[in-house]
Amino acid sequence: MKYVLAILLPILYQIAVLAQDRPAGTVAGTIADEHGEPVPFATVALYHAVDSALAVGGASDVSGAFSLAVKPGRYYLKVTFVSYRDKIVPRVHVANTPLALGTIVLQTSADVLQEVVIEGERPAMELQLDKRVFNVSQDLSNVGANASDILGNLPSVTVDVDGAVSLRGSGNVRILIDGRPSGLTSRDPDALRKLQGNLIERIEVITNPSSRYDAAGEVGIINIIMKKDKRGGLNGTFVATAGNPYQLGASYSINYRKNNINLFSSYGIDDRNAPGYGSSYQRYTSEDTSFVYSQYNDRERGGLAHNVMLGLDYFLTEKTTLTGFFLYNPSFGVNHSTNTYHDYDEDGTLTRNVVRTEREEEDESTLEGSLSFKKDFERKDQSLTADVKWIRGVDDEATQYTEGTPGGDLTLQRGLNNADETNWQVQLDYVHPIGKEGKLEAGIKTATRMIHNLYSLETQDDDDAWTPLPAFTNNLEYDEHIHAAYVMAGNAFGKLSAQGGLRGEYSDITTKLTETNESNPRTYFNLFPSAGLSYKLKDSNTLQVSYSYRISRPDFRDLLPFSDFRDSRQFFMGNPNLKPEYTHSYELGYLIEWGEGSILSSVYHRHRTDVVQRIVSDVDEQGRTQIIPINLAEQNAYGAELNLSHAIDTWWKINTSANFYRAITEGTYQDEVLSADTYTWTSRTTSKWTVFRKLDVQGSFNYRAPRITTQGRDRSTYSVDVGTSYDIFKGKGTINASVRDLFNSRIRRSIIDNEGYYSSSKFQWQSRQLLVTFTYRLNRLKEKESESTEEM
Numbered sequence: 001m002k003y004v005l006a007i008l009l010p011i012l013y014q015i016a017v018l019a020q021d022r023p024a025g026t027v028a029g030t031i032a033d034e035h036g037e038p039v040p041f042a043t044v045a046l047y048h049a050v051d052s053a054l055a056v057g058g059a060s061d062v063s064g065a066f067s068l069a070v071k072p073g074r075y076y077l078k079v080t081f082v083s084y085r086d087k088i089v090p091r092v093h094v095a096n097t098p099l100a101l102g103t104i105v106l107q108t109s110a111d112v113l114q115e116v117v118i119e120g121e122r123p124a125m126e127l128q129l130d131k132r133v134f135n136v137s138q139d140l141s142n143v144g145a146n147a148s149d150i151l152g153n154l155p156s157v158t159v160d161v162d163g164a165v166s167l168r169g170s171g172n173v174r175i176l177i178d179g180r181p182s183g184l185t186s187r188d189p190d191a192l193r194k195l196q197g198n199l200i201e202r203i204e205v206i207t208n209p210s211s212r213y214d215a216a217g218e219v220g221i222i223n224i225i226m227k228k229d230k231r232g233g234l235n236g237t238f239v240a241t242a243g244n245p246y247q248l249g250a251s252y253s254i255n256y257r258k259n260n261i262n263l264f265s266s267y268g269i270d271d272r273n274a275p276g277y278g279s280s281y282q283r284y285t286s287e288d289t290s291f292v293y294s295q296y297n298d299r300e301r302g303g304l305a306h307n308v309m310l311g312l313d314y315f316l317t318e319k320t321t322l323t324g325f326f327l328y329n330p331s332f333g334v335n336h337s338t339n340t341y342h343d344y345d346e347d348g349t350l351t352r353n354v355v356r357t358e359r360e361e362e363d364e365s366t367l368e369g370s371l372s373f374k375k376d377f378e379r380k381d382q383s384l385t386a387d388v389k390w391i392r393g394v395d396d397e398a399t400q401y402t403e404g405t406p407g408g409d410l411t412l413q414r415g416l417n418n419a420d421e422t423n424w425q426v427q428l429d430y431v432h433p434i435g436k437e438g439k440l441e442a443g444i445k446t447a448t449r450m451i452h453n454l455y456s457l458e459t460q461d462d463d464d465a466w467t468p469l470p471a472f473t474n475n476l477e478y479d480e481h482i483h484a485a486y487v488m489a490g491n492a493f494g495k496l497s498a499q500g501g502l503r504g505e506y507s508d509i510t511t512k513l514t515e516t517n518e519s520n521p522r523t524y525f526n527l528f529p530s531a532g533l534s535y536k537l538k539d540s541n542t543l544q545v546s547y548s549y550r551i552s553r554p555d556f557r558d559l560l561p562f563s564d565f566r567d568s569r570q571f572f573m574g575n576p577n578l579k580p581e582y583t584h585s586y587e588l589g590y591l592i593e594w595g596e597g598s599i600l601s602s603v604y605h606r607h608r609t610d611v612v613q614r615i616v617s618d619v620d621e622q623g624r625t626q627i628i629p630i631n632l633a634e635q636n637a638y639g640a641e642l643n644l645s646h647a648i649d650t651w652w653k654i655n656t657s658a659n660f661y662r663a664i665t666e667g668t669y670q671d672e673v674l675s676a677d678t679y680t681w682t683s684r685t686t687s688k689w690t691v692f693r694k695l696d697v698q699g700s701f702n703y704r705a706p707r708i709t710t711q712g713r714d715r716s717t718y719s720v721d722v723g724t725s726y727d728i729f730k731g732k733g734t735i736n737a738s739v740r741d742l743f744n745s746r747i748r749r750s751i752i753d754n755e756g757y758y759s760s761s762k763f764q765w766q767s768r769q770l771l772v773t774f775t776y777r778l779n780r781l782k783e784k785e786s787e788s789t790e791e792m
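At position 55 of the sequence shown the residue is numbered 55 (this note's numbering), and the sequence of numbers has no breaks.
Hint data in this document are derived by calculation from the structure and do not stem from the laboratory.
C-beta: ideal position from N, C-alpha, C; glycine also.
One thing to keep in mind: the hints can contain errors.
What follows is a list of derived Cβ distance ranges for each label pair [as the list claims (entries may be wrong)]:
#1 Gly756 / Ser294: 13 to 21 Å
#2 Ala65 / Ile735: 40 to 48 Å
#3 Ala485 / Thr510: 46 to 54 Å
#4 Ser687 / Lys512: 31 to 39 Å
#5 Gly369 / Tyr281: 19 to 27 Å
#6 Lys495 / Gln626: 35 to 43 Å
Keeping only pairs whose Cα atoms sit at most 20 Å apart, straight-line, the calculated DMTMM-like set for lysine to aspartate or glutamate is [unchecked claim]:
#7 Lys374 / Asp463
#8 Lys374 / Glu458
#9 Lys319 / Asp387
#10 Lys78 / Asp33
#11 Lys375 / Asp387
#12 Lys579 / Asp508
Let the sequences and hints guide you as you build the complete structure.
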């Protein structure tokens with residue numbers, strides 16, 4: 001790691017020097033039509049090449065001339081005027097001397113319909129004070145990956161072996177699709193592995209959301225934006241993927257717009273087998289018994305998944321839009337697992353081998369429909385939005401188990417885990433401008449979530465009859481009703497901007513076990529304030545402080561009071577008495593921007609109460625371990641984060657992020673002290689080189705340091721991804737090749753070390769993978785800034 005720091009520190013020093021104020025340059029020219037006549041009052045704007053942020057704007061005078069004063073840097077210029085095609089002038093490199101662009105010719109809009117749209121290359125990471133935006137298609141290691149893989153590549157985000165997502169060290173993060181809860185994320189953490197990454201446009205990470213958003217999610221929100229085009233005519237992208245270990249996939253994303261109708265659709269199909277393995281060693285010692293065993297797990301998860309999305313924008317007027325959306329996501333998979341146990345006596349002598357096999361068939365589908373209405377008023381920034389969404393999800397799992405010693409009798413068991421879920425969401429939002437830069441926002445929302453989960457386990461006796469096991473059989477009904485309202489106000493006072501809001505949420509949640517008729521109703525009302533202040537120190541330097549109060553309600557799986565049977569020696573049992581967590585979140589951020597990049601540095605503090613942790617609660621005399629979730633007293637987490645995006649040259653771009661945090665947890669369970677004080681950090685660095693006009697090469701390095709947990713510790717892990725892309729068919733096509741986890745090192749390793757009990761384990765979800773992808777763009781061209789040959 002010291003070598004990595006030795007490389008990064010000089011780069012950071014160079015960036016700090018480049019970020020200082022520089023003398024202003026000037027960009028001038030003349031706007032004319034195709035007949036040479038001047039075009040007066042055309043809008044002329046310069047945008048930063050690195051992130052497309054607006055640098056300066058103006059208008060041409062009566063003679064078509066314009067002049068813009070701007071700091072030296074790399075930009076592109078955009079000219080717009082009604083009835084003319086938008087004109088983009090790339091590679092505008094401003095120095096300390098005036099730059100004359102000459103005459104820029106606009107074409108009439110009649111010519112535009114037959115033109116091919118040029119698609120500019122956006123930076124992989126865009127830094128903003130309130131969020132970080134990741135244009136995931138620009139990261140070559142994401143090509144051909146699924147949504148879960150892509151999230152695992154984001155800075156400060158980790159994905160565990162079960163598909164659960166964590167942000168800044170906490171798993172209490174809210175995941176949205178297009179700014180709304182979705183059936184793709186609400187029920188099963190593993191569902192993100194069934195969503196093709198080719199259908200994703202970008203991902204936003206919001207670490208301290210305002211009162212406009214749902215209060216759920218302790219550390220913030222991850223918002224996945226799906227691809228949706230509104231360009232005129234027919235446009236589309238088609239992708240085919242092949243990989244080893246086995247993966248075949250294809251997808252398209254298209255739109256057709258004419259007059260006041262925009263049709264958009266996407267479809268993806270993905271078939272894969274993901275081999276993985278795990279191993280563990282466990283030792284238990286008490287006054288009257290002891291055991292030692294090791295375990296090896298060999299598994300393969302395979303399946304076929306589809307994603308179908310259809311939508312329609314109907315532009316009632318220029319400022320009023322009605323949007324209908326439909327999603328269907330069926331999948332079917334067969335998963336195999338073999339567990340081999342080796343039992344030892346106190347002297348370390350092998351006494352027995354036990355082999356347990358598992359074959360699971362999973363049939364899952366999500367059906368989703370929504371209707372949205374948006375009205376933009378004549379007054380700038382005044383709008384009204386209404387949304388209605390319905391979600392229906394079904395997940396049926398049938399599993400067969402065998403267990404026995406080599407040459408001995410086999411125990412046969414079978415299990416069913418069937419879940420169906422229905423969601424309704426209705427939301428209304430209104431924004432009203434106040435003065436020149438202020439606005440008032442208000443909204444209401446109601447959400448209903450109903451889950452029916454049937455879990456059963458049967459064993460086969462000597463007469464081949466199937467007998468239910470009562471300890472592993474039950475029927476859960478989960479009803480959740482959340483009603484919310486919020487109000488927010490914000491304004492700018494010179495260089496100072498302020499925003500404050502208050503959200504109220506009423507929660508009515510009931511869990512019921514139908515077999516025993518046990519019911520656990522809970523209702524509570526909470527107020528969730530948020531506030532933010534930002535101050536512009538210079539044109540490119542901004543300081544912001546923010547606060548929010550948030551809630552994390554227990555997941556319904558953590559409330560199930562019966563055991564999961566995937567591992568006969570390790571059981572997970574839910575806790576129906578779990579309470580929600582509450583978090584006070586504070587953050588201070590400092591953003592520096594310049595022509596070639598930006599730096600966002602942040603420090604944060606989170607104070608959590610009733611923290612939910614999974615612990616080992618019991619080990620019986622046969623060596624079977626029981627894991628349950630409990631509420632601990634409190635946790636204080638402190639952290640610092642640095643995000644850098646920089647174009648060192650036209651052919652070399654670098655993104656690097658690092659997050660350091662400390663978490664102090666306090667609590668007890670059955671007289672056992674479960675306090676922990678952990679320090680850890682994560683980092684990700686991506687470097688992308690344009691070798692020549694059509695060839696890009698990229699390397700990425702991920703590292704997660706060791707960390708202390710409530711009952712043990714997680715060891716460090718690292719991984720390296722490499723990729724390359726080559727443009728063909730005059731920019732309409734691209735071939736990508738990548739290797740995920742080049743050194744096969746993405747392995748989770750952990751230790752539990754309590755009095756009388758020790759366990760060490762490691763797990764690899766998927767081994768190193770080679771992916772090859774072909775992308776074709778219909779009526780769209782991919783263009784790097786250094787390749788443009790467009791004439792003025």
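*Run the structure past the numbered hints and jot down the numbers of the failing ones, going up.*
Those not satisfied are hints 3, 4, 5, 6, 7, 8.
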